[in-house]
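Enquirer: So the protein sequences, as listed, match chains W and D. Just so you know, we're using this note's numbering here: the first sequence kicks off at -3 and counts up by one. Just so you know, we're using this note's numbering here: the second sequence kicks off at -3 and counts up by one.
A hint or two may mislead.
[As the list claims (entries may be wrong)] Here's a subset of chain W near chain D, in silico, CB distances under 10 angstroms, partners left out:
| # | residue |
| --- | --- |
| 1 | Gln24 |
| 2 | Lys49 |
| 3 | Ile63 |
| 4 | Leu66 |
| 5 | Phe185 |
It should be emphasised that the hints constitute simulated quantities derived from the structure, not laboratory data. Cβ atoms here follow ideal geometry from the backbone N, Cα and C, with glycine treated the same way.
Protein chains: 2
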Amino acid sequence: MKLLEDRIRAEGEVLPGGVLKVGKFLNQQMDPKLFYAMAEEWKRLYEGVEVNKILTIEASGIGIAAIVGLVFGCPVVFAKKSKTSNVTGGVWQTIVESFTHGVTNTVIVGREFLQPGDKVLIVDDFLANGAALEGMIDLVRQAGAEVAGAAIAIEKAFQPGGEQIRKTGVRVESLARVAAMDPETGVEFVK
Amino acid sequence: MKLLEDRIRAEGEVLPGGVLKVGKFLNQQMDPKLFYAMAEEWKRLYEGVEVNKILTIEASGIGIAAIVGLVFGCPVVFAKKSKTSNVTGGVWQTIVESFTHGVTNTVIVGREFLQPGDKVLIVDDFLANGAALEGMIDLVRQAGAEVAGAAIAIEKAFQPGGEQIRKTGVRVESLARVAAMDPETGVEFVK
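Whenever a hint applies, use it, and build me the whole structure from the sequences.
Expert: Right under this line is the structure:
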């Protein structure tokens, strides 16, 4: 998606250690108009695919997912990174290793929010090694629901997550696929 | 706002210990259409007030804030609960005690995202003892920015936070103000 690629070129920053910082428009600071355009693009890509629920993971996926839910006209569920006192009843849970934060989290969703028969579009800001997406796929399947597909803003296509998950038959639509990146030369996208 | 009050009556659940669970439409599962209607109501309430930035705090405020940003046509910044490796440079920071989670968090925003001259609308899902809102007001003022007001979904008006903050001159617009709640008899709103 040219709009997102242009924005990454203009405002993204490549840090040493393989970190692509997009905090000016996608994470710490979010541009809701950009998110709306991204959501419309996913709506176009997933035309004809049944989706009745959006799933994301806290925290940085939530803003994108809320606007995707608005455009798709369905509720948005987010997986939480630890058990808190206002989650009651049973939960689906899985383990996700966070590349960014260097920690392993237990990730949970209340069972009432993912049900058999749900057609779930999984939304996230980044796909790199695939751990978060695999965790969310696991949650959907534990619930007996179906993965309609994944809607990813930025895929680090030089890391194996995206291809591994596509090989399992899950459709993954990433709006910007980074082929290579470097603090000196910037970001190069998959053509 | 009747739409939100009706939803709380229909789908909210009062748990022992003063917890109002609204996970079916406001937290773990979010209803983006409801959020859009709420955002339009805040837009109406704050008509004529200059707002160029939305500030919220992770995680459950982010979905609402993203859609408020869409309706107000401005970027959305969220305060994070701990320092992570992808926040570089200076940050504004404050301490917030979480009622729900029973913990004290250091809350940070990158300095680049709050600047002198910003007119900030602070968005959150709940206002009870006011700790999160006070923390966000503190972040805005550290940055030399102005608080345009606060946009709160649900205020527990029987707790002191809202009145304390209004007394300091900050405008607080809560769309549902809970006067009393009880696991047996449910929720009663301020008339």
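Enquirer: Now, for every hint given, state plainly whether the structure supports it.
Expert: Comparing the hints with the structure gives:
Hint status for Gln24/W: holds, given a least beta-carbon distance of 6 angstroms to chain D, under 10 angstroms. Against a cut-off of 10 angstroms between C-beta atoms, the interface hint on Lys49/W holds, since the closest Cβ of chain D lies about 8 angstroms away. Below 10 angstroms, beta-carbon pairs count as interface contacts, and Ile63/W has one with chain D at about 6 angstroms; its hint therefore holds. Taking 10 angstroms as the C-beta contact cut-off toward chain D, the hint placing Leu66/W at the interface holds, the least distance being around 4 angstroms.
This hint is violated: Phe185/W has a C-beta 20 angstroms from the nearest C-beta of chain D, more than the 10 angstroms allowed.
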